[in-house]
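Undergrad: Residues per chain are reported as follows:
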Amino acid sequence: MQATTDYISVSSKGNRDMIDITPGIRNAIAKAGVRSGIVTVFVPGSTAAITTLEFEPGLTKDLDEFLEKLIPYNYDYSHHQTWHDDNGSSHLQAAMLGPSVTIPVVNGALTLGTWQQVVLIDCDTRPRSRKIVVQMLY
Amino acid sequence: MQATTDYISVSSKGNRDMIDITPGIRNAIAKAGVRSGIVTVFVPGSTAAITTLEFEPGLTKDLDEFLEKLIPYNYDYSHHQTWHDDNGSSHLQAAMLGPSVTIPVVNGALTLGTWQQVVLIDCDTRPRSRKIVVQMLY
Amino acid sequence: MQATTDYISVSSKGNRDMIDITPGIRNAIAKAGVRSGIVTVFVPGSTAAITTLEFEPGLTKDLDEFLEKLIPYNYDYSHHQTWHDDNGSSHLQAAMLGPSVTIPVVNGALTLGTWQQVVLIDCDTRPRSRKIVVQMLY
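Residue numbers (our numbering), protein chains in the order written: chain A, 1 to 138; chain B, 1001 to 1138; chain C, 2001 to 2138.
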C-alpha cells in the first residue's frame, strides 16, 4: 500500500460559490492507478468546505439560501473586531460543513451515488484561489 | 497494509429513519481480522447521512425534530422545480451532516465511546434500500 | 505502509470549551516520523466534536454563540426524560459537527492552511477529561 498526493486548483468567486470537483478527483485516481483504497479530499483554509451534493442549479441555490439564513453575512461577529474583517459568517459556515470528505475507491471507482458529486463550497467574501489536496491511500 | 471492502445493506423508512449500523461495522472488522487501522463508513447517495450518536429513542426523536425545524420539509425549494421532486430538505440535511465517518481501529476494536453508535440517517422522503460501504485499511 | 496510534489527553471545562489540539497532532506525526499519509483525529464520546477553525478568541466566541442559538441548552429535550440528564443540546451539537477529521500529511506536514487549526469542541455540560485518538497511516 502507498500514499500518493495530487492537487485540484480552482478559482472561486467566493460568497458560497460551489464547484463540482468530482472530475478532478476521478482524474487523480485514474492517473495514480488506484484500484482499491480511499481518497481524502481536503481544502486548506478556514473559510471553505467540502461536502457531497447533487450538483444541480436548484439545489446549489437552495443550499446557498439556507446557509445565508442560518449564518447571515450581515451580523456583528466578534471575529470582525479581531481583524477588521467581514468574513465571520464564512468561518462559521466552513466549520459547520467541515474541510474534507473521505471516499472509498472500489474496483477503480469512487463509491459515490449516481446523483452525488463532491463539491467545494467557498464561503469567503471575496474571490479566492484554492488548491485542494487529493490524498490517495491504495 | 491492505484495503478490504464490505457492505451493510439496510431498508429504511425514509423521513429521517435512523438505523444503528455499529453491529454491522463490528462484524466487518472481525471478519476481515482488522487489528490496527481505520474504517471509512460511506453511504452512496445524496439524501442520506452518517454520523455518531448515542442511539436511544429520546435523542433520535430530538435529532429528528431539530432537523425538521432547521430544514423543514414544507418549503418551496428550487430543487422541486428541477425534478418536480419533494425532497429538497432531504438533500440539504444530508449535505450538512455529511455522507461518512472515519473511525480508528485499535487492538481490533473501534475507538467509539461507550454510548456512541454509528448511525445512518435516511433523510429521503420515501422508503429506500441503502448499501453502505465499509472500507477498511489495515 | 503502517498504522500507528497516539493519543492527546485534555481536560475541558465543558460548555463548548474549545481547545486547539494542532500542536499535539504535530507532535504525534513528528514522533512517528510520518512523511506521507493521513491522520484521522477522532474523539470518543457523543458530546464532543472535532472540526477545523481559525483559533482566535473572536471566532471561538462567535461559534459558541451560534451553537447556543441553534441548539439551546434550555429546552425540553426528550433525551432528558431518558436519563434525567441535562445535556440533550450537547449531543445534538456534537452529532451536527461530527466526531473526527481526516487530514493529509505531505512531506512530513499537515496540509492545514496558515490560519486553520484542529479544534476539540467539548459540548458537554460539565468538565470532562478527553483522550483523543490520533491514528496515522503512512
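If you're looking for bench data, these hints aren't it; they were derived computationally from the structure.
Accuracy of the hints is not assured; some may be wrong.
[What the hints assert, rightly or not] Label-pair ranges, simulated between beta-carbon atoms: (1) D1076(B) - P23(A): 29 to 35 angstroms; (2) L1070(B) - Q2002(C): 17 to 23 angstroms; (3) R2026(C) - N15(A): 40 to 46 angstroms; (4) D2064(C) - K31(A): 40 to 46 angstroms; (5) L2070(C) - D1076(B): 44 to 50 angstroms.
[Said to hold, decoys possible] Pairs of lysine-lysine residues, derived as DSSO-like cross-links and limited to a Cα-Cα distance of at most 30 angstroms, are as follows: (6) K2131(C) - K1061(B); (7) K1031(B) - K2131(C); (8) K1031(B) - K61(A); (9) K13(A) - K2031(C); (10) K1069(B) - K2131(C); (11) K61(A) - K2131(C); (12) K1131(B) - K61(A); (13) K131(A) - K2031(C); (14) K1031(B) - K1013(B); (15) K1013(B) - K31(A); (16) K2069(C) - K1061(B); (17) K1069(B) - K61(A); (18) K1031(B) - K69(A); (19) K2061(C) - K69(A).
[To be verified] According to the in silico footprint, chain C covers these stretches of chain B (three or more CB under 8 angstroms from chain C): (20) 1059-1066; (21) 1095-1104.
Idealized CB from N, CA, C, for every residue including glycine.
Undergrad: Each hint should be assessed against the structure and marked as holding or not.
TA: Verification of the hints:
1. D1076(B) - P23(A): 29 to 35 angstroms: Taking Cβ atoms as reference, D1076(B) and P23(A) lie about 31 angstroms apart, which means the hint holds.
2. L1070(B) - Q2002(C): 17 to 23 angstroms: violated (42 angstroms)
3. R2026(C) - N15(A): 40 to 46 angstroms: Check failed, 33 angstroms falls outside 40 to 46 angstroms.
4. D2064(C) - K31(A): 40 to 46 angstroms: holds (43 angstroms)
5. L2070(C) - D1076(B): 44 to 50 angstroms: Since L2070(C) and D1076(B) have Cβ atoms about 23 angstroms apart, the given range 44 to 50 angstroms is violated.
6. K2131(C) - K1061(B): holds (29 angstroms)
7. K1031(B) - K2131(C): holds (28 angstroms)
8. K1031(B) - K61(A): violated (44 angstroms)
9. K13(A) - K2031(C): violated (40 angstroms)
10. K1069(B) - K2131(C): The given pair, whose Cα atoms are some 34 angstroms apart, is violated under the 30 angstroms limit.
11. K61(A) - K2131(C): Violated. K61(A) to K2131(C) sits at ~40 angstroms, over the 30 angstroms cutoff.
12. K1131(B) - K61(A): holds (29 angstroms)
13. K131(A) - K2031(C): holds (28 angstroms)
14. K1031(B) - K1013(B): Given that 30 angstroms is the threshold and the Cα spacing comes to 28 angstroms, the pair holds.
15. K1013(B) - K31(A): Violated. K1013(B) to K31(A) sits at ~40 angstroms, over the 30 angstroms cutoff.
16. K2069(C) - K1061(B): holds (20 angstroms)
17. K1069(B) - K61(A): holds (20 angstroms)
18. K1031(B) - K69(A): Since the Cα atoms of K1031(B) and K69(A) sit roughly 46 angstroms apart, the hinted pair is violated (cutoff 30 angstroms).
19. K2061(C) - K69(A): holds (20 angstroms)
20. 1059-1066: holds (count 5)
21. 1095-1104: Since 7 is at least three, the answer is holds.
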